[in-house]
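A.B. asks: Letter by letter, the chains look like this.
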Amino acid sequence: MYDMDLLERTDTVNELLARYGVKFGIYKNNTFKEQLFPFDAIPRIIQKQEFSYLEKGLKQRVMALNLFLKDIYSEKKIVKDKVIPDDFIYTSSGYMAECEGVAPIKDIYSHISGIDLVQGKDKQWYVLEDNLRVPSGASYPMIARELCRRSSPATFENMKLEDNRNYAKLLRKTMDHVNIGGHTVILTPGRYNAAYFEHSYLAEQTGAHLVGSADLRVENDKLYYVTYDGKLKWVGAVYRRISDEFLDPINFYQGSLIGVPHLYDVFKKGNVALLNAPGNGIADDKGIYYFVPKMIRYYLGEEPILQNAPTYLPFYEEDLKYVLDNFDNLVLKDVAEAGGYGVVFGSKMTKQQKEEFIALLKKEPRRFIAQEVIDFLDIDILEQGKMVPRKADLRAFVLMADEPMVWKSGLTRFSRNPDSFIVNSSQGGGFKDTWVLSQ
Amino acid sequence: MKTLHFDYWMEISYTEPVTECHYTFKCLPKDTDMQQISELKVEIMPHHDYQRGEDSWGNVMIYDDLYQKHDRFGFHIQGTAKTGLTVGEKENSGELVGPYSYPYGLNKAGDRIKAYYKKVIETMGESCASAYETAMYFMNCLYRDFTYEKWITDVNTTAEEAWHLKRGVCQDYAHIFIAMCHLAKIPARYVTGMMTGEGYSHAWAEILSEGIWYGVDPTNGCTVGDSYIKIGMGRDANDCKINKGIMTGGGLQTQSICVRVEEKPE
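So the protein sequences, as listed, match chains A and B. Reading the first sequence from the start, the letters are residues 809 to 1247 in our numbering. Reading the second sequence from the start, the letters are residues 46 to 311 in our numbering.
Worth flagging that the hints you see were computed from the coordinates, not collected in a lab. Some hints could be false.
Not everything, but these chain A residues come out facing chain B in the computed CB check (under 7 Å) [unchecked claim]:
1. Lys884
2. Gly909
3. Ala911
4. Asp915
Far from chain A, by Cβ distances over 10 Å, these chain B residues were calculated [to be verified]:
5. Ser146
6. Ala160
7. Ile291
Rough simulated footprint, nothing fancy, chain A against chain B, three-plus residues with beta-carbon under 8 Å [said to hold, decoys possible]:
8. 93 to 101
9. 138 to 145
Cβ atoms here follow ideal geometry from the backbone N, Cα and C, with glycine treated the same way.
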């Protein structure tokens, strides 16, 4: 399928990635360490037909999630109709009451969604997580493809392959669709953010201005960016890579130094588009994840195309009983955590840990979900010239303009540790390009 | 029913000029079932054309971003309020009863409040049938068991911390009271406002019972009647802070507040 020539160039590609600053920052024990994001040259290949199945399922899922967000911050029909218990909304850290009654431009909440999938040994795909806040990762396969083509042009000569370098075009279209007429900026928290490389790369590729909060100012209910010579340019859309709580120190967390005062008020008046909309965290919530298939049926009247991993909510008594009876076969996740933190496997706990955990589970059932451990389909990586199987997932990107668009690629992340199921880049994993065949 | 005249003045003076200032005031009382506001006069210092908006809780917001030098900053609100028109406000927030029903921010109960709540419930007996009666019982207990004292707590003190200290101000009374109501599954919200007399602004709570929001003032151990003027509301004090701001420069600052509410002779 792929040329051995490409694999032989792994080191060259990794050197180029290092030179371009393709790094991933990690906070560990309160210190910031930037490390290279190791690239494995063996691509994950997805057949055309299989991807078109994923595409349909992803579009459906993101459509339902958008309708959910709109409903939650206005009429709350899904709560009134008792499809989702109100506990799961109002006790979620992702629910933001400040968004009540606020309609984003064109009713789009999730302009850029990162949906994490895994493929089981039975070849069945499962959705593991929906990321609707500030999902990162698209830039890595984008630049990797570019560098692979440069290092091994022969590989791509006769390949019938979707070109994933069009991500910038899709993103630009998404930003322009909601821009109210001014400039487009990408707002980064700065150099020390884990995904700073991505912010600068996407700005360069889309032609948006890369700005920090100090480059922006609100005046008379409008947002401006200040040019190097002090001129004010009106901003119509902000692709913000800052999480909600830090976005605006007047309206949200007051101690934020990376936000822009009153940005949220400008947004509320419809004077600027924010991508993604504030308040999306509720759809990211691991407790809400359980309800996504129900949402699809509720809002779209369709059967979900993509499956969730089998999930239990200890909040429900019968689920709690199941969890206690099958504890060793399950993975337990703290709903408030992300990035691979707060994930524990029942089988890997000592007796004492287990007892403590079960006590906590009974005390705060709303805080956890339990999932069957999916037997992932291993995919090969190169390790010291040898192919070895490793666990991997796929982050697919869905962008929403006048209709949802699925990027025909994705970030494949793998665990370098042969015994680990956790593939998050914040846990030190590596990545692959994802090839979607066009024929 | 009363006709009250109110005068609320807040000013911050700086030893060095402020070069940039971002502020949001939620300082304007508005009409409710219980009160009717007229002859409202608003003055913002330094004088400028400000922005107006409304937050999710229905509070009026006055806000702006100033890039002009100033060494004094504040507001002056005056007006007339007809108060005590009804005993409570009809519930018409519709979608917001949810957020008012769950612990949030500064009103979250910890183990200490939960233990206190348990004790209170045990002594309550069967007589408190409605949410209103239960809340009244909580108010009386809190009025008895908590002591009013200034400078012990600050604006960021949580209900749990204040309860541990057993002393605090109106904000703390309101937060602990709301925490207890939530434990009893009674929707409750935080209210800012003014009371007859001279001094500072005041804070209390409202609870929902049978479709009506009733004002409850645990600091004074009484229900809210015609000597109160409501300004804002939210889940906790942060949702309806009367004055929020961020400034650059300024040196040392001194804040002066004077709230005066008196009955207007007919």
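A.B. asks: Each hint should be assessed against the structure and marked as holding or not.
C.D. replies: Cross-check of the supplied hints:
Annotation: A:Lys884 was flagged as interfacial toward chain B, and the flag holds, the nearest CB pair being 6 Å apart, inside 7 Å. Of the supplied interface hints, the one on A:Gly909 holds, with its beta-carbon coming within about 6 Å of a beta-carbon of chain B, less than 7 Å. Residue-level restraint check for A:Ala911 is violated (minimum Cβ-Cβ distance to chain B is 12 Å; threshold 7 Å). The criterion of a C-beta within 7 Å of any C-beta in chain B is not met by A:Asp915, whose closest approach is roughly 17 Å, and the hint is violated.
For B:Ser146, the shortest C-beta to C-beta distance to chain A comes to about 7 Å, within the 10 Å cut-off, and the non-interface label is violated. A cut-off of 10 Å between C-beta atoms confirms that B:Ala160 is not in contact with chain A; the least separation is 15 Å. Non-interface call for B:Ile291 relative to chain A: violated, since the shortest CB-CB distance, roughly 6 Å, does not exceed 10 Å. Figure legend: the stretch 93 to 101 of chain B, annotated as covered by chain A; annotation consistent (4 residues with Cβ-Cβ distances under 8 Å, at least 3 required).
Counting residues of the stretch 138 to 145 of chain B whose beta carbon lies closer than 8 Å to any beta carbon of chain A gives 4, which reaches the threshold of three, so the coverage claim holds.
The structure fails hints 3, 4, 5 and 7 (numbered hints given earlier, in ascending order).
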